[in-house]
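S.K.: From first to last, the protein sequence lines are chains G and D.
The first sequence begins at 2 in our numbering and counts up one residue at a time.
The second sequence begins at 2 in our numbering and counts up one residue at a time.
I should point out that these hints are in silico values taken from the structure, not numbers from a laboratory.
All values reported here derive from a predicted model rather than from experimental measurement.
Please note that a few of the clues may not be correct.
Any copy, or any two copies together, can satisfy a pair, since identical chains are not distinguished.
Stated by the list, open to error - In silico EDC-like cross-links for lysine to aspartate or glutamate, where the CA-CA straight-line distance does not exceed 20 Å:
#1 LYS376 - GLU334
#2 LYS208 - ASP76
#3 LYS270 - ASP182
#4 LYS270 - ASP185
#5 LYS328 - ASP83
#6 LYS123 - ASP264
#7 LYS40 - ASP59
#8 LYS328 - GLU406
#9 LYS325 - GLU291
Number of protein chains: 2
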Amino acid sequence: MRILIVGAGGVGTAITRIAARRPFFDHMVVADYDLPRAKAAVAALGDRAARFTPARVDAADARAVTALLAEHRCDVLLNATDPRFVLPLFEAALAAGADYLDMAMSMSRPHPDRPYEEVGVKLGDEQFARAGEWAERGRLALVGMGVEPGLADVFARYAADELFDEIEEIGIRDGGNLTVDGYDFAPSFSIWTTIEECLNPPLVYEKERGWYTTEPFSEPEIFDFPDGIGPVECVNVEHEEVVLVPRWIPAQRVTFKYGLGEDFIGTLKTLHALGVDRTEPVAVMTDRGEARVSPRDVVAAVLPDPAALGDRMHGKTCAGTWVKGVKDGRAREVYLYHVVDNEWSMREYGSQAVVWQTAVNPVIALELMATGVWKGAGVLGPEAFEPRPFLDLLVEYGSPWGLREQ
Amino acid sequence: MRILIVGAGGVGTAITRIAARRPFFDHMVVADYDLPRAKAAVAALGDRAARFTPARVDAADARAVTALLAEHRCDVLLNATDPRFVLPLFEAALAAGADYLDMAMSMSRPHPDRPYEEVGVKLGDEQFARAGEWAERGRLALVGMGVEPGLADVFARYAADELFDEIEEIGIRDGGNLTVDGYDFAPSFSIWTTIEECLNPPLVYEKERGWYTTEPFSEPEIFDFPDGIGPVECVNVEHEEVVLVPRWIPAQRVTFKYGLGEDFIGTLKTLHALGVDRTEPVAVMTDRGEARVSPRDVVAAVLPDPAALGDRMHGKTCAGTWVKGVKDGRAREVYLYHVVDNEWSMREYGSQAVVWQTAVNPVIALELMATGVWKGAGVLGPEAFEPRPFLDLLVEYGSPWGLREQ
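This is chain G alone, in the form it adopts within the complex (with noise of 0.2 Å):
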């Protein structure tokens, strides 16, 4: 298997560290907008940097990448850019007859009269849209393949095939105690990310009423998370497994609440009420004239880089799927997690606990189609394949998940 990835950011990176382990591919491409980057991350494995090769691509050049995938003869495309690069890296696998996976789908766009209660255009439409494409072809995307979603998926099908006879609410419920030194202000992963999924209409599915929106940051509720992390409180936040899960899994309700604290959800409203949240650019003047520029970049270019913040940070963070349902006639609910100290995945990978977290899951779904255990061909989520060769490689990798009966 030779790989191309497109994105040298931080998750790009662990993604690198974590893959340069594993024998399971010939070549990795590390490809980046900023092609000092790109070299970075490959310089940075240092005896294991054989089979890796740093390039320079603008991923909102389709036509690039897949000229770039054709020049390395890659058999797959994975995607590490924010989601504003989705369609455009999509499609240019598509063209190139390339496998693809991404951690994060296309993007929504909010009911133009009734955003807080109507879905407009869903996360992920784009590209399911296009799936017979896909089929027809052969080819594989694998979307919406990191930790949430991705990790989160997998639980639920796990949960679904093994655990439950029957399915009342799968709940993603993401949480974490994660703190940062010498910061006001820190996010614990990409800020533009974080933006967009929580401004955002948060997504929810009910099986007799399909998917709806509701306000921001609404139905918050205290969640109790596992390995000392303890209780914090989660909002509805709109994301990918509220989308995938119902696809191939039956169950009556799927929500996605997200622990973000009260501080964090104030910031994000400011944000929000002044308009530096926004995409679209104004006019200011820079050291090179009048120039159009988006205030979300701004806010993104003054935070620090997240992913360089690994150093200074202290807790874990949780990633995982809440289920609750039937069993043999009787009522169960349990909570399959996945959890990264900070300290570990410094020490073992110098890369920070949000990002490695994301990071893992990619390269184990690229193995399990190197090796031909996941294999497919069309649109499909991580809940469209069996789980359980997914848990065990976790474990393999040294990161293993848990489970929790409520």
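Given chain G, put chain D in place with the hints provided.
M.R.: Relative to chain G, chain D alone:
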């Protein structure tokens, strides 16, 4: 008198409208970086535009401003830009042998080690350092001549001259009940300046201790504003009056408190925690390639122009000077104040209340200079001059002031 006004923003435009009704000057050149903005200000004067000429100038370019002063044979430069341009305009006027007025003084820099206890470079320090040159050349730099600083300083001098034998404290208190329809967050004055004054360490003067600083938003108090505005929570803010008043008026203590309100304070704190209040440029992608932009300029570009919100604004703004001391052996406490109702300023001048209230004061000062009532040389604050003629002209301009015994 021939006047060059630099800056055709909200305050500059209101100045042209107020000045156009007064016969005391011969000509006013209205200059801005953005020539269409200067032309629009002049065009809006209609049949009163004959004494006005629009021009283009970069306020940061002292040589160009000096040349413009010479070209139009101007006697005085009125600076209506933001505080970044105080020094080049101050220099330009001196080089051209013109008098100079501004409404905000040269910028402060916090103490390098103890920013919230000791002063570093104070507001206006860099202007007062040049006072000798101005005095030698017989030219007047009348600094801080808006409403606050400006009218507030005139009130302080009036209190010292006519209302008190001894003064314990002079406290500038600014508050209002303005609201703006249709906006989650819409500052009523330049957000660039508001961030600058509110996030810098607030300045306090005490006779025994001299000038010192505190944490931002310190010493909250409820101040009851007149004319139906009512009680507003006010906090310490860095402002020129605290520098100016003690130079000319003996008082035990001088403070400035601004009625920001809890929401506004929360928003400013969030801007600061994120770092988007910063002026140092960051690199970001633009439609002209990667360029360096000041995050605070982006915040200002995203927010609505406060000068353009008059039609959606409701309520009144109050600026004033609270004085506590002794008269004829008895304790006395007064609040000298000036209230502008947005409905009135919009109807009479098409200018919103805060902008109009700032703009009227330098026009009155220019009239007093033109008629020889106010004269002097050096770098002088408003409290260096006779207050009565100023307060009488304010009434004549149709906008009376008030006195409340507490």
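S.K.: Taking 20 Å as the upper bound on the Cα-Cα distance, should LYS208 and ASP76 be classified as within, between, both, or neither?
M.R.: This pair counts as neither: shortest intra-copy Cα distance 38 Å, inter-copy 78 Å.
S.K.: Reference check for the pair LYS270 and ASP185, CA-CA at most 20 Å: within, between, both, or neither?
M.R.: both (17 Å within a copy, 10 Å between copies)
S.K.: Since the copies are identical, ignore which copy is meant and state whether LYS328 and ASP83 lie within 20 Å (CA to CA) inside a copy, between copies, both or neither.
M.R.: For LYS328 and ASP83, neither the intra-copy (39 Å) nor the inter-copy (69 Å) Cα distance is at most 20 Å.
S.K.: Regarding LYS376 and GLU334, is the shortest C-alpha distance of 20 Å or less found within a copy, between copies, in both, or in neither?
M.R.: neither (31 Å within a copy, 84 Å between copies)
S.K.: Treating 20 Å as the Cα threshold, decide for LYS270 and ASP182: within, between, both or neither.
M.R.: So LYS270 and ASP182 pass the 20 Å test across copies only (19 Å; inside, 24 Å).
S.K.: Regarding LYS40 and ASP59, is the shortest C-alpha distance of 20 Å or less found within a copy, between copies, in both, or in neither?
M.R.: Answer is within; shortest intra-copy Cα gap is 15 Å, inter-copy 43 Å.
S.K.: For LYS328 and GLU406, with the copy left unspecified, which applies at a CA distance of at most 20 Å: within, between, both, or neither?
M.R.: within (12 Å within a copy, 78 Å between copies)
S.K.: At most 20 Å between alpha carbons: which applies to LYS123 and ASP264, within, between, both or neither?
M.R.: neither (28 Å within a copy, 33 Å between copies)
S.K.: How do LYS325 and GLU291 come out at 20 Å by Cα distance, when the copy is not named: within, between, both, or neither?
M.R.: neither (55 Å within a copy, 50 Å between copies)
Of the hints listed earlier, those the structure fails to meet are numbers 1, 2, 5, 6, 9, in rising order.
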